[in-house]
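A.B. asks: What follows is the residue order along each chain.
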Amino acid sequence: MNRHELQAMVEKAKEKHKQLKHKICVCCGASCISSGSEEVLKKLQNEIKTRGLENEIEVVPSGCMGPCNQGPLVKHLPENTIYQRVDCENLDRIIESQIVEGKPVEDMLLFADSREKPFVNANEDPFFKKQLKIALKDCGDINPEEIEDYFAVGGYQALDKALYRMTPEEVISEVKQSRIRGRGGAGYPTGLKWETVYKYVSPQKYVICNGDEGDPGAFMDRSVLEGNPHRIIEGMTIAGYAIGASKGFAYIRGEYPLAIKRFEQAIKQATKHGLLGKNILGSPFSFEVEVRIGAGAFVCGEETALIASIEGKRGTPKPRPPFPAESGLWGKPTLINNVETFAAIAPIIQNDGEWYSETGTAKSAGTKVFALAGKINYSGLIEVPMGTTLREVVFEIGGGIQGGAEFKAAQTGGPSGGCIPAEHLDVKMDYESLTSLGSIMGSGGLIVMDKSSDMVDVARFFMEFCMDESCGKCVPCRVGTKMMHDLLQKIYDGKATQIDLDRLEELAVYVKETSLCGLGGSAPNPLLSTLRHFRQEYESKILKEA
Amino acid sequence: MTATHHTHHHAHAQELSKTDPRVKLIAAKMKKENHKPDALIEILHTAQNAFGFLPKEVLNFIAKELHLPPSRVYSTVTFYHFFSLKSKGEHTCLVCTGTACYVKGAQALLNKIESQFSLKPGQVTADNKLGVQVARCIGACGLAPAVVIDNDVHGKVTEEVIINSINEKIGTI
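Sequence lines, in order, name chains A and L.
Following my numbering, the numbering of the first sequence begins with 411 at its first residue and continues without gaps.
Following my numbering, the numbering of the second sequence begins with 245 at its first residue and continues without gaps.
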């Protein structure tokens with residue numbers, strides 16, 4: 411397919427959607443599927459057919475809509491009405507009322523059971539009102555299994571623009587101007603990374619998409635890969651053009667079978683349409699993407715370990731430098747970005763870097779996707795401008811704590827992060843602010859805890875995780891996480907003395923400073939942050955000297 | 245039913261048959277990957293999908309075909325949680341112990357399973373009917389606590405639901 415044929419496809423897809431009166435999306439993200447959304451989809455499709463409405467109403471499976479614990483979710487477009495907990499029985503009411511009579515079913519609306527007045531247009535609900543969707547835009551509104559649906563929302567237009575109206579240098583400059591930073595958690599400026607790889611001269615370079623979302627409590631990447639895989643392919647291809655790579659790998663967790671299936675399907679469709687492969691859109695640029703399935707090792711989220719894993723080896727990290735930008739996959743210059751980073755590339759190119767940088771804070775531009783979970787009323791997937799406060803996220807978007815309990819802490823950054831206590835609820839969620847509180851932005855998992863969570867136990871939980879996941883290559887991490895875990899267990903069991911606590915604190919600093927990679931370097935974070943904000947919980951468990 | 249840690253009567257060492265369709269699948273995968281050692285993990289995924297776990301004979305077969313020392317194959321297999329050297333059981337119950345599930349009572353579910361079936365994570369019943377595992381996080385945090393029984397994800401599970409679903413699968417009711 412050349413660029414003119416792409417334009418024709420896009421126009422055709424847009425035209426088809428204009429002719430439709432309604433589009434109904436049934437959320438088929440992993441969470442809604444496990445609540446039974448596929449049966450709902452099948453029944454709805456059959457009903458529409460039986461009633462001869464298929465030319466007016468399109469029913470499609472879509473990606474994640476956000477409020478995962480209210481699922482299965484069904485969205486009626488263009489009104490943007492979302493129905494919750496839809497099953498094959500109450501679906502009839504939606505068909506009769508919403509579809510036949512055009513009247514919304516009030517008591518099935520999203521949050522109907524918890525809001526005094528639920529909203530017919532879901533975007534007016536506080537859950538969505540404070541959100542700004544850039545990476546997640548279209549996720550939940552399109553069928554991730556049909557490339558035409560992606561065309562209808564302007565899919566691959568950014569790639570066309572990059573290939574035909576921009577030089578690689580201009581693409582990199584646009585990404586730099588956007589000020590976007592790595593969404594995997596470390597927050598390294600993406601444009602700078604691209605420029606570094608670009609500058610190394612090599613006949614072979616690689617692009618890697620890091621979809622090894624290992625933080626427990628994080629499901630942002632899964633949702634994007636499941637809900638809008640073409641957006642990631644487009645972002646990776648633009649990156650390949652910018653840095654001069656002809657091959658990309660998407661490393662996706664083995665625990666995400668649906669994401670793998672949809673991504674592989676998307677690669678096939680893109681290849682068939684000439685959007686991957688030789689001479690993309692008739693240009694001299696060629697690029698292909700292959701999926702690599704992770705095999706369950708947390709350390710493989712670390713870039714050098716991930717590269718070892720793609721090479722078919724044990725996923726142990728290597729000392730840096732050399733950085734992958736210089737010597738990565740098979741020793742070649744390699745660009746590694748997270749799924750969410752790639753999801754933002756097409757919008758940045760299509761609008762421009764400045765547009766993206768206008769959102770967020772001075773040092774953290776753009777938006778961040780968070781996975782809300784734990785003791786929160788509305789758990790699910792959200793995207794907010796950087797700098798939104800934790801209070802806004804937990805209480806306005808998340809609807810507060812379950813059962814009206816008191817907020818105790820929010821855990822961000824998974825096993826590499828920390829716990830933020832109630833007195834810092836007004837912290838702005840950006841890289842620097844979270845770091846200053848002893849936590850990190852991390853990949854975006856945000857677990858809310860109430861007073862039923864014992865913070866020593868939380869620290870022990872994460873330390874056990876790091877101990878199990880330590881690859882064993884360097885001593886500080888291999889031995890240190892085990893010793894810290896045992897000390898934490900001893901404190902938790904009420905058998906430790908002040909000397910143990912002092913030793914634990916000392917050890918935490920050693921492990922942090924001397925470990926080879928980020929796993930060990932950040933393993934003490936949950937411990938240090940809970941010590942900092944909840945020291946009394948530790949001290950109350952310490953044996954008093956005889 | 246009683247639990248066993250290591251005995252797997254059906255997985256005794258035996259020669260692999262070249263006509264075994266599962267072996268053919270692995271051979272086809274290796275051919276597709278041009279017998280490149282780089283593709284070891286992909287090939288192991290195929291092998292585990294075919295056999296349900298990775299018997300020793302299969303590892304030796306792969307090592308030989310890829311011209312790799314068996315130690316390299318073995319060390320790779322044991323590095324990754326996803327790969328298993330022993331049968332996971334005909335039916336599997338995988339309890340997610342990610343942070344959200346942990347906060348919402350995954351441990352209580354595991355305790356219930358242990359008291360009901362005498363199984364700890366990683367164990368399989370003596371008749372190989374049921375195996376229990378834990379996962380780091382399956383990413384269904386919005387539905388915590390989550391459990392995967394065979395391939396079906398169950399969200400917001402209670403102790404009662406999990407025991408009933410398992411019993412349904414293993415056919416004790």
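Possibly wrong hints are sitting among the right ones.
Below 16 Å or equal to it, Euclidean Cα-Cα: the simulated EDC-like pairs (lysine to aspartate or glutamate) are [claimed, not checked]: (1) A:Lys892 / A:Asp864; (2) A:Lys424 / A:Glu466; (3) A:Lys688 / A:Glu698; (4) L:Lys413 / L:Asp394; (5) A:Lys540 / A:Glu802; (6) A:Lys609 / A:Glu579; (7) L:Lys280 / A:Glu698; (8) L:Lys276 / A:Glu768; (9) A:Lys723 / L:Asp282.
Read the hints as simulated data drawn from the structure, not as lab findings.
A.B. asks: For each hint, tell me whether it holds in the structure or not.
C.D. replies: Verification of the hints:
Taken as a hint, the A:Lys892 and A:Asp864 pair is broken in the structure, with Cα atoms around 20 Å apart against an allowance of 16 Å. Restraint check: the Cα-Cα separation between A:Lys424 and A:Glu466 comes to about 15 Å, which is no more than 16 Å; the hinted pair holds. Using a Cα cut-off of 16 Å, the hinted pair A:Lys688 and A:Glu698 holds, with the two alpha carbons roughly 8 Å apart. Distance restraint check for L:Lys413 and L:Asp394: the Cα-Cα separation of roughly 8 Å lies within the 16 Å cut-off, and the hinted pair is therefore satisfied.
This hinted pair checks out: A:Lys540 and A:Glu802 have alpha carbons roughly 8 Å apart, not beyond 16 Å. A distance of roughly 10 Å separates the Cα atoms of A:Lys609 and A:Glu579; the hinted pair therefore holds under the 16 Å criterion. Taking the CA atoms of L:Lys280 and A:Glu698, the gap is about 19 Å. The hint is violated against a cut of 16 Å. As the CA atoms of L:Lys276 and A:Glu768 are separated by approximately 48 Å, the hinted pair breaks the 16 Å bound.
The straight-line distance between the Cα atoms of A:Lys723 and L:Asp282 is roughly 7 Å, inside the 16 Å bound, and the hint therefore holds.
Comparing the model with each numbered hint stated earlier shows that hints 1, 7, 8 do not hold.
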